[in-house]
Amino acid sequence: MESAINSNQIVRKCKIGKNTKIWNFVNLYGCKIGSDCKIGSFVEIQENVEVGNKVKIGSHTFICENVKIEDGVFIGHHVVFINDKYPRSTNETGELKTEIDWISLRTVIKKGASVGSNATLLAGITIGKNSIVGAGAVVTKNVPKDVIVAGNPAKIIRYLNEIQK
Amino acid sequence: MESAINSNQIVRKCKIGKNTKIWNFVNLYGCKIGSDCKIGSFVEIQENVEVGNKVKIGSHTFICENVKIEDGVFIGHHVVFINDKYPRSTNETGELKTEIDWISLRTVIKKGASVGSNATLLAGITIGKNSIVGAGAVVTKNVPKDVIVAGNPAKIIRYLNEIQK
Amino acid sequence: MESAINSNQIVRKCKIGKNTKIWNFVNLYGCKIGSDCKIGSFVEIQENVEVGNKVKIGSHTFICENVKIEDGVFIGHHVVFINDKYPRSTNETGELKTEIDWISLRTVIKKGASVGSNATLLAGITIGKNSIVGAGAVVTKNVPKDVIVAGNPAKIIRYLNEIQK
Chain S
1 MESAINSNQI
11 VRKCKIGKNT
21 KIWNFVNLYG
31 CKIGSDCKIG
41 SFVEIQENVE
51 VGNKVKIGSH
61 TFICENVKIE
71 DGVFIGHHVV
81 FINDKYPRST
91 NETGELKTEI
101 DWISLRTVIK
111 KGASVGSNAT
121 LLAGITIGKN
131 SIVGAGAVVT
141 KNVPKDVIVA
151 GNPAKIIRYL
161 NEIQK
Chain L
1 MESAINSNQI
11 VRKCKIGKNT
21 KIWNFVNLYG
31 CKIGSDCKIG
41 SFVEIQENVE
51 VGNKVKIGSH
61 TFICENVKIE
71 DGVFIGHHVV
81 FINDKYPRST
91 NETGELKTEI
101 DWISLRTVIK
111 KGASVGSNAT
121 LLAGITIGKN
131 SIVGAGAVVT
141 KNVPKDVIVA
151 GNPAKIIRYL
161 NEIQK
Chain Z
1 MESAINSNQI
11 VRKCKIGKNT
21 KIWNFVNLYG
31 CKIGSDCKIG
41 SFVEIQENVE
51 VGNKVKIGSH
61 TFICENVKIE
71 DGVFIGHHVV
81 FINDKYPRST
91 NETGELKTEI
101 DWISLRTVIK
111 KGASVGSNAT
121 LLAGITIGKN
131 SIVGAGAVVT
141 KNVPKDVIVA
151 GNPAKIIRYL
161 NEIQK
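Protein chains in written order, with the working numbering: chain S, 1 to 165; chain L, 1 to 165; chain Z, 1 to 165.
One chain only, chain S, in its complex shape (with noise of 0.2 Å):
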């Protein structure tokens, strides 16, 4: 499907794979999408997104520019992603900002990660392999593979090779 619009579902410039379903009610315009993936309702996600294959993504979750999701990766509901640091409505002068006042940063979510519902990752974060990002967190800052997170700001509250002894 390269692009489809109907009443209640806007696909917009996106390449969708094979087997992905998508629910009523989403926003999606200029992103790749794997196959066999789930997208729930009322989910926006915006230009060169790139999600993997196997990925399942929540309802009401927010993706935005400059985001990666590998392959295997659970996103919960309510899931909040940023680009911006310091994001403000005008620049400098007291214009609307643009695109060129604006510098991205850069999210990636490794293969067979999983981002709890309501969590929030701010700009330029990491989330290693297998890791968890426990619901309603705030993480402000890399995660390493194989642990879980919790809190605002997120702390490492347990490592899963431990659990699985």
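No lab work stands behind these hints: they were computed from the structure.
Any given hint might turn out to be false.
Intra- or inter-copy, both count: the list cannot distinguish identical chains.
[Stated by the list, open to error] Derived pair list, reagent style PhoX-like, types lysine-lysine, alpha-carbon separation capped at 20 Å:
1) Lys97 with Lys21
2) Lys141 with Lys38
3) Lys68 with Lys111
4) Lys141 with Lys155
5) Lys145 with Lys111
6) Lys13 with Lys145
7) Lys97 with Lys38
8) Lys111 with Lys97
9) Lys97 with Lys110
10) Lys155 with Lys68
11) Lys85 with Lys145
12) Lys85 with Lys32
13) Lys141 with Lys110
14) Lys155 with Lys145
15) Lys141 with Lys15
16) Lys85 with Lys129
17) Lys129 with Lys97
18) Lys18 with Lys68
Here the structure is a predicted model, which is why all the values come from computation and not from measurement.
Once you have looked at the hints, place chains L and Z on chain S.
Just chains L and Z now, kept in the frame of chain S:
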């Protein structure tokens, strides 16, 4: 109303009581909602959710499967319910998870309780009668009756009897 | 534009200024929005909200009655405003609350301030000129001008003059 779909409201296989008002841009399916309720815009309510009478649910709230909300409860805006403790997109063999791979935990909001806006309720929580969950709280364990909890993780900050004295 | 309803955009009894862009899947009613603003998808703005000029409001944000947003303010995605200190669904006689039972507190976001994504602003808050509310913050009291606040509850983490030095 058993089922109704128009261009900006999806209500599918639901039982909705008398005098209940449902706003635009909602996605409700397989749930049971009592009488004299108000459901705001951009709300999703999944299958097997039971909502009592005289319940208000604010805009942008997401209510997952296996949640029970008793009579007279107030659910704010952007409230997020969860039923899965360690969410993953794929199972141990690397396939996309299905219903079979999924242990759903039950959440109950007791009569007359209030859940503040942007609160996150982890899987398997009970909120006691008349208690208040503060806005933005992340509730990680059961909340007894007649208290106010707030913070991340949420802690008891006040007993309602004290306020009334 | 005084009033416009199409299948995926509800703008009812609003005053909208020149060059203001409103995305799809919005629910705006009885509010006043200035010129050169941008309003994202899945935004709800209630009655008696005043928004100045050159204001950006990100997707999924909910702005309740009795909020004033001054010129040049940035409101991120998933920001939640509140006007009711102890919300309840029913009044003391057990009836569904109406406008009469409701004391609404006023929130003001001063000129040039920025409110980060997924922030929660409790009822009756003023955010000072040029100040920044960090993403995911839960703001429980007034914020002076020219500071950055973050956390739950939000505390001052930096003074903007220091950054400029």
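| Structure-inconsistent hints, enumerated in ascending order | 2, 6, 10, 12 and 15
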